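Here the protein sequences line up with chains A and B, keeping their order. Just so you know, we're using full-length UniProt numbering here: the first sequence kicks off at 1 and counts up by one. Just so you know, we're using full-length UniProt numbering here: the second sequence kicks off at 1 and counts up by one.
FYI, nobody ran anything at the bench for these hints, they're computed from the structure. Some hints could be false.
One copy or two, it doesn't matter: identical chains are merged, so the pair holds either way.
In silico DSSO-like links for lysine-lysine, alpha-carbon gap of 30 Å or less [what the hints assert, rightly or not]:
hint, residue 1, residue 2
1, 370, 222
2, 17, 245
3, 323, 34
4, 232, 222
5, 17, 141
6, 111, 80
7, 2, 347
8, 318, 111
9, 335, 229
10, 42, 370
11, 171, 232
12, 245, 42
13, 222, 323
These numbers were taken from a predicted model, which means no experiment stands behind them.
Protein chains: 2
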Amino acid sequence: MKVALLGFGVVGSGVAKIVDGAENDEMGDISIKKILVHTPAKMRQDPRCVVDINEILDDPEIDVVCECIGGLEPAHTYVKEALERGKSCITSNKKMIASFASELFPLAQEKGVALAYESSVGGGIPWIANIERIRRLEEVKSFRGIFNGTTNYILSAMDQEGSDFAECLQKAQELGYAEADPSDDIDGFDVRYKVALSCLAAFRRYVKPEDIITWGVRRISKQDFIWAKDHKLSIKLVGQARENKGGLSAYVLPLMFRNDHLLSNVSANFNALELDSANLGTAAFVGQGAGSLPTAHALVQDILDVNEGRRLDMSQAKPAELKDPEAASYYLRTKQGEFFDQAGVIKEQVGKDAYVTKPLPLSRINDLAKQAGDDGLFLAEVEL
Amino acid sequence: MKVALLGFGVVGSGVAKIVDGAENDEMGDISIKKILVHTPAKMRQDPRCVVDINEILDDPEIDVVCECIGGLEPAHTYVKEALERGKSCITSNKKMIASFASELFPLAQEKGVALAYESSVGGGIPWIANIERIRRLEEVKSFRGIFNGTTNYILSAMDQEGSDFAECLQKAQELGYAEADPSDDIDGFDVRYKVALSCLAAFRRYVKPEDIITWGVRRISKQDFIWAKDHKLSIKLVGQARENKGGLSAYVLPLMFRNDHLLSNVSANFNALELDSANLGTAAFVGQGAGSLPTAHALVQDILDVNEGRRLDMSQAKPAELKDPEAASYYLRTKQGEFFDQAGVIKEQVGKDAYVTKPLPLSRINDLAKQAGDDGLFLAEVEL
Numbered sequence: 001m002k003v004a005l006l007g008f009g010v011v012g013s014g015v016a017k018i019v020d021g022a023e024n025d026e027m028g029d030i031s032i033k034k035i036l037v038h039t040p041a042k043m044r045q046d047p048r049c050v051v052d053i054n055e056i057l058d059d060p061e062i063d064v065v066c067e068c069i070g071g072l073e074p075a076h077t078y079v080k081e082a083l084e085r086g087k088s089c090i091t092s093n094k095k096m097i098a099s100f101a102s103e104l105f106p107l108a109q110e111k112g113v114a115l116a117y118e119s120s121v122g123g124g125i126p127w128i129a130n131i132e133r134i135r136r137l138e139e140v141k142s143f144r145g146i147f148n149g150t151t152n153y154i155l156s157a158m159d160q161e162g163s164d165f166a167e168c169l170q171k172a173q174e175l176g177y178a179e180a181d182p183s184d185d186i187d188g189f190d191v192r193y194k195v196a197l198s199c200l201a202a203f204r205r206y207v208k209p210e211d212i213i214t215w216g217v218r219r220i221s222k223q224d225f226i227w228a229k230d231h232k233l234s235i236k237l238v239g240q241a242r243e244n245k246g247g248l249s250a251y252v253l254p255l256m257f258r259n260d261h262l263l264s265n266v267s268a269n270f271n272a273l274e275l276d277s278a279n280l281g282t283a284a285f286v287g288q289g290a291g292s293l294p295t296a297h298a299l300v301q302d303i304l305d306v307n308e309g310r311r312l313d314m315s316q317a318k319p320a321e322l323k324d325p326e327a328a329s330y331y332l333r334t335k336q337g338e339f340f341d342q343a344g345v346i347k348e349q350v351g352k353d354a355y356v357t358k359p360l361p362l363s364r365i366n367d368l369a370k371q372a373g374d375d376g377l378f379l380a381e382v383e384l
Numbered sequence: 001m002k003v004a005l006l007g008f009g010v011v012g013s014g015v016a017k018i019v020d021g022a023e024n025d026e027m028g029d030i031s032i033k034k035i036l037v038h039t040p041a042k043m044r045q046d047p048r049c050v051v052d053i054n055e056i057l058d059d060p061e062i063d064v065v066c067e068c069i070g071g072l073e074p075a076h077t078y079v080k081e082a083l084e085r086g087k088s089c090i091t092s093n094k095k096m097i098a099s100f101a102s103e104l105f106p107l108a109q110e111k112g113v114a115l116a117y118e119s120s121v122g123g124g125i126p127w128i129a130n131i132e133r134i135r136r137l138e139e140v141k142s143f144r145g146i147f148n149g150t151t152n153y154i155l156s157a158m159d160q161e162g163s164d165f166a167e168c169l170q171k172a173q174e175l176g177y178a179e180a181d182p183s184d185d186i187d188g189f190d191v192r193y194k195v196a197l198s199c200l201a202a203f204r205r206y207v208k209p210e211d212i213i214t215w216g217v218r219r220i221s222k223q224d225f226i227w228a229k230d231h232k233l234s235i236k237l238v239g240q241a242r243e244n245k246g247g248l249s250a251y252v253l254p255l256m257f258r259n260d261h262l263l264s265n266v267s268a269n270f271n272a273l274e275l276d277s278a279n280l281g282t283a284a285f286v287g288q289g290a291g292s293l294p295t296a297h298a299l300v301q302d303i304l305d306v307n308e309g310r311r312l313d314m315s316q317a318k319p320a321e322l323k324d325p326e327a328a329s330y331y332l333r334t335k336q337g338e339f340f341d342q343a344g345v346i347k348e349q350v351g352k353d354a355y356v357t358k359p360l361p362l363s364r365i366n367d368l369a370k371q372a373g374d375d376g377l378f379l380a381e382v383e384l
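Kindly produce the complete structure, drawing on both the sequences and the hints.
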């Protein structure tokens, strides 16, 4: 089976390293034939490099296209074109696949080829594969987890060292855990894509990323950690979803929860993903959520599955309208305490500018938090 | 595909419940044809019950035998006979399969049938499946984990409530987590079988259970928890193994380790299993380690894999001689402090009858602890 790589950055070069370096028989006749790079200068990196996507799309020998470019375009167009031409596609691009899932999976089904995205959620954690395995026998009821290693590194450092957010973000950037523009991580968008993709795996629902209520950790402060510690709570950025009779709920929010819970001891840049199903109860998967080799490992696992003829069956997948989860209490830090008090949602003030709300629908606190006109507002769900 | 169940207890009836109750198409044409029970009186439970094993062995329609009897015999003879007759076998019987692996896997290979044991380690945790998946691409270097839910329940309760061992064991027995004769759990034999089986999955090595140095938690006391807490350590019963140039080491011992580690927050009757491999780094799997439905779920997963034609390839598996792991420090509580002091292994006394040793080979402290002639001795490895 001949593979083409689109992109030869951190992930793409990891894939090449694993496939080229395979010593055992596992890889069989799988090999990388072409690698798309975007400038002629980069062609010197490897004799298999090409700069024209058509050299890959028009090559009938290439069975599988592995997309590791990132971003929406041209990644989306390339994958769509490859599927149209009957090539299986594998992607680690969470933003692209989460945004175009409802277009691309039916296309793959129609063309009878595979479309796989293990590496786009949880890096080296076999999250999608284990969800699919469990679903052979029973329905997944809910999932939740720490989907973003960058923010988890920052929150762990703030918790352990008592440092402030800006300092920990800078350290994460120096270590290469955070991008120069960290918005996708710290504002929760990265988690949002992964939650949408996990909903597809767990519930066979196409969730639009922009429908998922999302609050990040950009405004978290030392004060919030001090209050949490006093109440034996940990703070993590958590993505979660649950399907029940009322419909599907999915959201991304900092969560304050008991510090003797498993997720509390997930530190540094690890991911930890939990799910609940009828017979298994709670199962959790913990590992490297990003990085060249863990992500590349997941991509190559997808290549092996495609080579074995495995296809994700998305024929039952349907668009979803999200509902509110069960009413919950929220922790708010805002200069606009009076605004929330007038709205009648405050249960008590718990510190300077800090409040815990009465149990509320998520959409209610989300609307109020947006209307409050406070750029410095920090919002978290509290499990007391 | 026609399945026969051997045994209709907690696990067997769970398997029947899942297979009979399957609503979706997943189960395809898989059905349970016969169920072996051991007394005619039990035949009234289900019209498919038989009391004579030959009714199953002689039935050419039966493709797969699912052994959930437990114990060495007659489970071993039945599985061997079934393999001889070209039937695939699935077992949740860790003691039997760990003890006879080097006989039964080559027989299955010779007969071209499957032999699967997912449910015998980690209950509902897809531990063996995930090891096999990782091994498609890279070698597992080491594993360690909490393999026994009963002792983990007892240790968690002692830690949280400050109760003593006998009290927590009794509570575990009342809740049905511990057997009337709890030796297999609290003396570490259950973990020993699971470590042997994990060595087969992770390293393709047949390890004799009796070769694995094993110390349980029967003699643990409040005093040990107090000392551990003072040093920010947790205590768990841990099975572990590592393969390196020096050879394979595998052992079962209470482990005192930093209480901010993931394994520290694994409470109640959960299992948590960790492994290390080259590209993935550390990955961990957490879930229900026992119970009717989680274990039955794992058995039915094996049935589905056999139905898809999946076979574990044990053709490279070889017998292993165990070596000592790297030298480590040990915590000892014993009335025979003088004996250990004379042997020159004590680093310091840390409490009444309690000592921490110098770094030692495991076989050395194991030999001394057996020679000391102290029935009340408690031994743990310490990661300081």
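Now for the hints, and whether the structure bears them out:
no., hint, result
1, 370 with 222, "within (23 Å within a copy, 52 Å between copies)"
2, 17 with 245, "between (47 Å within a copy, 24 Å between copies)"
3, 323 with 34, "neither (45 Å within a copy, 46 Å between copies)"
4, 232 with 222, "both (15 Å within a copy, 24 Å between copies)"
5, 17 with 141, "between (38 Å within a copy, 19 Å between copies)"
6, 111 with 80, "within (11 Å within a copy, 46 Å between copies)"
7, 2 with 347, "neither (61 Å within a copy, 60 Å between copies)"
8, 318 with 111, "within (19 Å within a copy, 45 Å between copies)"
9, 335 with 229, "within (22 Å within a copy, 41 Å between copies)"
10, 42 with 370, "neither (45 Å within a copy, 65 Å between copies)"
11, 171 with 232, "both (26 Å within a copy, 27 Å between copies)"
12, 245 with 42, "neither (53 Å within a copy, 39 Å between copies)"
13, 222 with 323, "neither (33 Å within a copy, 49 Å between copies)"
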